[in-house]
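Work out the full structure: start from the sequences and follow the hints.
FYI, in the working numbering the residues of the sequence shown are 1 to 444.
No lab work stands behind these hints, which were simulated from the structure alone. Just so we're clear, the structure is a prediction, and the values are computed from it rather than from any experiment. Where is the CB? At the ideal position from N, CA and C, for every residue including glycine. There is no bait here: all hints are sound.
Pairwise CB distance ranges, derived in the manner of DEER restraints:
no.	residue 1	residue 2	range
1	Leu-213	Arg-104	51 to 57 Å
2	Gly-208	Arg-237	42 to 48 Å
3	Leu-220	Arg-393	49 to 55 Å
4	Leu-42	Leu-107	46 to 52 Å
5	Val-73	Thr-37	48 to 54 Å
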Amino acid sequence: MIGEVDAAPAPSSPPPPPPARRRWFRATAPRLVAGFTVAGLLVTLGLAVAIALVARAQATDAAIDRVTQLASVTAHGVVEPRLSDALLDADPEAIERVDDAVTRAVLGDSLIRVLVWDRDGRILYSDHREEIGDRHRLDPDELRVLDGDDASAGVAEDGSGAGRVLEVYHAIRTPGGTPLLYEAYFRYDAVVEAGWDAWRSFAPLSVGALLLLELVQVPLAVTLARKLQRRERQRERLLRHAVEASTAERRRIAQDLHDGVVQELTGITYGLDASRLRGGSDPAVVSESATRLRESIGSLRTLLVDIYPPNLAQEGLGPALEDLAGGLRRRGVAVTTRLEAVDAVGPAEAALLYRAAQEAVRNVVTHAGATTAAITLAADPVRWRLSVADDGRGFDPADAAAHAADGHLGLRALADLVDDAGGTVDVRSVPGSGTTVGVEVPRS
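Pasting the structure below:
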């Protein structure tokens, strides 16, 4: 070509490294799982401790209720039947009758002391005989029990050296109807131990259930982390392919401009300059220049469509595919189109199908050397099927690395894009027998 301008396409740039967030995620995903596991174990331990404390408190309350009932049984079933009005006068025989009943049927491992008081705070009976006759002022709670309120229980320190005890009070009566206060001391450690016994009875079940829940959650956390890692790798791959495809596209556009429009315009200027130097305006030269200018404008329009696709929402997928076919025709390729139900394609599907057709047509122009091509869009109830076929030189689809190096990188990026939308890309080609790019996209 006249006045060919030499210009090398811009060198390709390597894809950018993964963003810091992705590198951080890959580095810390195992630590996140480990942290989740440790946190789960700590929560499990905390719940176990909380359950233990609550269970112990409830079991202790239940044990106190039991000893309160036991004190009621001993008060009304053992001691009260042995009372006599003579006890009010400290009659030794009356005291002995009560003491005999207390010693044989009341005192034991947990119930360690029994006292009987009158309203004035005088001890009428004690299993410690030296206390009989002593006086102590009754507190309001004890007086209320003596007056007929429910039994009262509380923790106190036993002055006789038994340590902490649980005091339980009940009202009893002599045969003559005189109200007396029955007091029983229970070992507090025995009551607490009863609470722990109740806790230990169901602790394995409750803690085991929490541990089982943790064991179930850990594999789920590992699975979730792996899925997130796979998704991050997939996004990374799509980004890398997009960058590579964008770089290849810039090189292609630069090469097309250099080999096409730039050379044509350079040739036109040389021809017009030569006509001017000859001192005339040759109509043939002007006509040829105008024709070549129109061809250059058409080439530029084709490039504009490649750089900035048409507004599919306004113009529709059908006209956009026809424009792609027109670009092939301007390059001397005989193209047939068969488009079914094109008006029913949704916006998202139209964008994806147009992107697929654009990439397939680009490969026809760049690599195929074809003389004929066909663009077909068909539909069934569940999917759209796009096909771009040519009779060009073809290639071996199994040699994926060679295809990427030879410029078929766009098909690989397209396959990732379609796969992300739930569709498939099928490239069929045989060296010397042309290529068919088939794309299936789910209907929304």
